[in-house]
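Visitor: Once you have looked at the hints, place chain L with the ligand on chain P.
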Amino acid sequence: MTELTLGKALGAGLRQAMQDDDKVVLLGEDIGKLGGVFRITDGLLDEFGAKRVIDTPLAESGIVGTAVGLAFRGYRPVVEIQFDGFVYPAFDQIVAQVAKLHYRTQGRVKMPITIRIPWAGGIGAAEHHSESPEAYFVHTAGLRVIAVSNPEDAYRSLRQAIASDDPVIFFEPKRLYHHKGDVHLGAPLADAPPMGLARVMRAGSDVTLIAYGAMVGTALQAAEAAEDEDVAIEVIDLRSLSPVDYDSVAASVRKTGRVVVAHEASREAGVAAEVIASITERCFEYLEAAPLRVTGHDIPYPPAKLEKYHLPDLDRLLDAVDRVLDRPNSMSEVGA
Amino acid sequence: MSPQITPIADSAQDLELTERLLAPDGTRIPHASLDPFVADIDAAALRALYRDMIILRRIDAEGVALQRQGQLGLWAPCQGQEATQIGTARALAPQDYVFPSYRETGVIYARGAEPGDYVRMWRGEEGAGHDPAALRVAPLQIIIGAQTLHAVGYALGILHDDADDVAVTYFGDGATSQGDVNEAMIFAASYQAPVVFVCQNNHWAISEPVALQSQYPIAGRAPGFGIPSLRVDGNDVLACMAAMRWALAHARAGKGPAYIEAVTYRMGPHTTADDPTRYRDESELEGWRRRDPITRVEAHLRSIGELDETHAAEIQAAADKVAKEMRAACLGMVTRPPLAVFDEVYAEPHSGLERQRDEYAGYLATFETEG
Ligand SMILES: Cc1ncc(C[n+]2csc(CCOP(=O)(O)OP(=O)(O)O)c2C)c(N)n1
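So the protein sequences, as listed, match chains P and L.
Under my numbering, read the first sequence as residues 1 to 336, first letter to last.
Under my numbering, read the second sequence as residues 1001 to 1371, first letter to last.
Isolated chain P, as found in the complex:
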């Protein structure tokens, strides 16, 4: 066990993947000498050379499109998009090429591409540096979508993503890059739980609180706070947004009968909507209350000084918990 920040864990994951397979090459802006703007690729240029740690021209479609060609040639490219809001110029290559080539060619062309995206808000960043575009990718068949919440998962699932023969959109909550946790650096990949599995982070019997990425931390705080009021919240970290591990989710909902799903991304047609629809289809008869969403608003990501009003916080989560428990809450009629 080694204590690492989430950022260092990702770097260690990349290093391990590159050692394990010499077909793994990294592409991105500033990932060489600088080590990436978040220093995730720090030291990898020195260790693996410029043929495997490729500083690219400043063109996102170019980066992903080039990765597609490398995959045709038998490589396993790992792309770094510098910030979430800059993935849009590459959107066409991702959804029309990366996601589809395996299907179009009936499996004859593989796209084992991992697209790493420093993701989401809460760090007071400039415009376009705090976006949550995950729903676009979850909606795209052919992609897998991973969102990590802690160093151990980051290390393991990044290696799994790179080893996967499918393309993976890999979301890294930049708010957590400096958060520390224990990582099993030597653990063989084969013994690890599969990439697509959700994880119960905290057991509870009253409400299932589902989150991913940095929101998992907020959900855990909510569970702790609720304990003081004798409410036992079960917190689930989805970890994988495509596919979602509905077996784990449904098992929890059958136990608690009450569900809150939280994410930073805006609400309309978001991941929470999908998760709740699927829960309703699968275990409607177990539900004691209508499932609720706690999400960002349906607004462009606000300026840094206002982001705290957009991001779901502890209080908004607890309010939703109160609502599914039918306890006094923001929707209760005042004075009634």
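Mixed in with the good hints, there may be bad ones.
Quick list of in silico lysine-lysine cross-link-like pairs, DSBU-like style, CA-CA up to 30 Å [claimed, not checked]:
#, chain 1, residue 1, chain 2, residue 2
1, P, LYS180, P, LYS305
2, L, LYS1255, P, LYS33
3, L, LYS1255, P, LYS51
4, P, LYS51, P, LYS33
5, P, LYS23, P, LYS110
6, P, LYS308, P, LYS180
7, P, LYS33, P, LYS180
8, P, LYS51, P, LYS23
9, L, LYS1255, P, LYS23
Okay, the calculated beta carbon distance ranges per label pair [as the list claims (entries may be wrong)]:
#, chain 1, residue 1, chain 2, residue 2, range
10, P, GLN106, L, GLU1208, 28 to 36 Å
11, L, ASP1164, P, ILE299, 52 to 60 Å
12, P, ALA203, L, GLY1179, 47 to 55 Å
Source of the hints: derived by calculation from the structure; they are not laboratory data.
Just so you know, even glycine gets a beta-carbon here, dropped at the ideal spot from N, CA and C.
Guide: Just chain L with the ligand now, with coordinates in the frame of chain P:
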């Protein structure tokens, strides 16, 4: 220092600014720098190119006919572009890898396509018409220009493998306006990747004339990216082959990317869904008929006594045979069963999709039990 004057619009249209080895009337024109690249092309080899072009035109006509008869959803004709496609594709080495657009019927023909390969995608049976590994040709690309980046990435892989293969990409004049094509040239030049860009300037991007995409000869852009380029007469199969051999040799020698603009003309509609009479003058088409790439080689071969009626009949029979096989393959295609829609979305199991597949299988099963 006096300001540089940059040539604009007029020269973009000036066909005399293209390199050529065969004049429209079939006269062989000596060309000091291109001749060495086709020194080995004797009359028999030229006749083989002529044969390829005839067969390609026949395949293309069959594609149009099959579409008109309701057998294909769409077809993208390449009539008029035979010299560009055959001339460049016949210059490739077996190990080279091609990233084409949707119009490169002649390129997949030259790479050894099976009869069904021409129609499988257009008929809607499969997402790609041919096996990319077998032909070393990526699936036909519909998104304009996307494939140029794939070629550059592939070429980067060639560099990393220390191999001497070349990646080749085909695209149209309209595609040169796309960001991806420009990004591809930047990436190719940055890494000195062994990739050859072949722009088939067929003068039209559906209804948009080439002048709307470029006010300067398209080949003239490449040097601005640090890529040497050649502008050739795309209706001259010899010139196309010579240019491609030049470009391939350049890339194979480790000198980085090369760019060819083949100036040609799309004689028919953009696709079978298009109506060129709405935007194109009949007189323009007439002018290009006189530059027909096939007539040109035929005139040359006849003038040197290398094409007689026996050859001509043999070639026509070969073309008819290919078309017949293509038609039979098309009509004989068996659509896969319903659950095949779920096949190969992912390389590894995906629980969400598997659930949907099971649900749909259950639904389909209800019809069986109903009897
Ligand atoms: C990104 C994109 N935009 C629009 C289209 C629709 N479209 C198909 S072909 C075409 C014209 C392309 O012209 P050009 O690149 O000159 O190639 P040509 O068809 O003449 O061979 C257009 C606009 C498309 N396929 N992809």
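Visitor: Hint by hint, say whether it matches the structure.
Guide: Structure-based check of each hint:
no.: 1; hint: P:LYS180 to P:LYS305; in the structure: holds, 26 Å
no.: 2; hint: L:LYS1255 to P:LYS33; in the structure: holds, 26 Å
no.: 3; hint: L:LYS1255 to P:LYS51; in the structure: holds, 18 Å
no.: 4; hint: P:LYS51 to P:LYS33; in the structure: holds, 13 Å
no.: 5; hint: P:LYS23 to P:LYS110; in the structure: holds, 14 Å
no.: 6; hint: P:LYS308 to P:LYS180; in the structure: holds, 23 Å
no.: 7; hint: P:LYS33 to P:LYS180; in the structure: holds, 25 Å
no.: 8; hint: P:LYS51 to P:LYS23; in the structure: holds, 11 Å
no.: 9; hint: L:LYS1255 to P:LYS23; in the structure: holds, 24 Å
no.: 10; hint: P:GLN106 to L:GLU1208: 28 to 36 Å; in the structure: holds, 34 Å
no.: 11; hint: L:ASP1164 to P:ILE299: 52 to 60 Å; in the structure: holds, 54 Å
no.: 12; hint: P:ALA203 to L:GLY1179: 47 to 55 Å; in the structure: holds, 50 Å
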